[in-house]
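Given the structure of chain X, go ahead and fit chain Z onto it with the hints provided.
Number of protein chains: 2
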Amino acid sequence: MNRRGELVVVSGFSGAGKGTLMKALVQKYDDYSLSVSMTTRQPRIGEVDGQSYFFVSREEFEEQIKEDGFLEYACYCENYYGTPRSYVDRQLSLGKDVILEIEIQGAMRIKDKYPSAILLFVMPPSGKELRRRLIGRGTESIEIIDKRLSRACEEAEGIEAYDYIVINDKLETCVDELDSIIRSAHKSVFRNHEIIDKIRTELREFQKEEK
Amino acid sequence: MNRRGELVVVSGFSGAGKGTLMKALVQKYDDYSLSVSMTTRQPRIGEVDGQSYFFVSREEFEEQIKEDGFLEYACYCENYYGTPRSYVDRQLSLGKDVILEIEIQGAMRIKDKYPSAILLFVMPPSGKELRRRLIGRGTESIEIIDKRLSRACEEAEGIEAYDYIVINDKLETCVDELDSIIRSAHKSVFRNHEIIDKIRTELREFQKEEK
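Heads up: the protein sequence lines correspond to chains X and Z, in order.
Following the working numbering, the residues of the first sequence are numbered contiguously, the last one being 211.
Following the working numbering, the residues of the second sequence are numbered contiguously, the last one being 211.
So here's chain X without its partners, still in its complex pose:
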């Protein structure tokens, strides 16, 4: 059975390990492509253009909006963020599932426009573990950590909008679990109208032959 590509939206608390997980997923399995968002904000230290984001000017971004070049986009803190359409469309047509690592508002916009998108929420095994990981990074002040935990608290209120939760305990196990969840989601009845209609038509034809 050839599988058609689907949009896979991945959200989750900062510190849940989404980035590492997604990189490991696309490295291990050929079925997935990772979409890179476009933004007008300045790159931070260590961020690479075309990997972290496509960094563009406000004019370039607005030009793309005019050309309907985004699956979804939004403006936060005076900066634009969006999912470029052309890359996603190309990958979907190749039968690849395209992973969009975006936050909840973006996730909701995608689900509205593409109801068959698969929405995943990545969580650490516990709140304590989330705090431990954030502290363990050793790169952020207590204030920033508290801010992230407070943001996680807000984000947690939106989990019901997602289809599946993924507990990121061990990376290896979690990568296989992600693959299995996405693969299984492809088997949902509502994502298989074509196959179901085809077998219905065939069975009806047999009925006619009998008569």
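Just so you know, the hints here were simulated from the structure itself, not pulled from any lab data.
As the structure is a prediction and not an experimental result, all values here were calculated from the model.
Misleading hints may appear alongside valid ones.
Unchecked claim - Now the stretches of chain Z that chain X is said to cover, found in silico as 3 or more residues with beta-carbon under 8 Å: (1) 149 to 155; (2) 161 to 172; (3) 185 to 191.
Glycine included, C-beta positions come from ideal geometry on N, C-alpha and C.
The following block gives chain Z in isolation, referenced to the frame of chain X:
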């Protein structure tokens, strides 16, 4: 993560290979138990009591109904058919998923009473293949085969009530796919309220500590 047992309802066309598939599934994976239905109809040649069905008298069946001994039951062609509750409850409490191989009406009654039940519909790769398999059995007359195909045509109308379709092409592959679908269904957001609530509570506690 300890997984709680769920009810797994499996339906599908006669000739789709449900029986063989379910046997292979419980043999390969420890996570599943197969429920055996109870009936008042006479055993057919080759049917074994306690394997194909539990064969009981009408009095025994009605006694069980009075004692609320069935998850669901129905009467067809003057015979009762039902899913005994005690075995299912015991297996669920052990953390096993219990597989109920029942037809669509039973499936709907289960879904009504147990909304977290996972409903699977097993299909052959095509209508043609279904006919080929039914003819290939070599045990049934053309009339019976036509009857089964006509029944399949009716059953196909109910597929939208199920959660997932399972294409039974190669047995080995299909068994693993079944396992993967059921395992993934356990990760649905709506089957994980407890975990989600727990992490929410934890995150809220952190907020209070900050203040």
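Here is what the structure says about each hint:
1. 149 to 155: With 4 residues close enough to chain X, the hint holds.
2. 161 to 172: The restraint on the region 161 to 172 of chain Z holds, since 7 of its residues have a Cβ under 8 Å from chain X and three suffice.
3. 185 to 191: Answer holds; 5 residues pass the 8 Å Cβ test.
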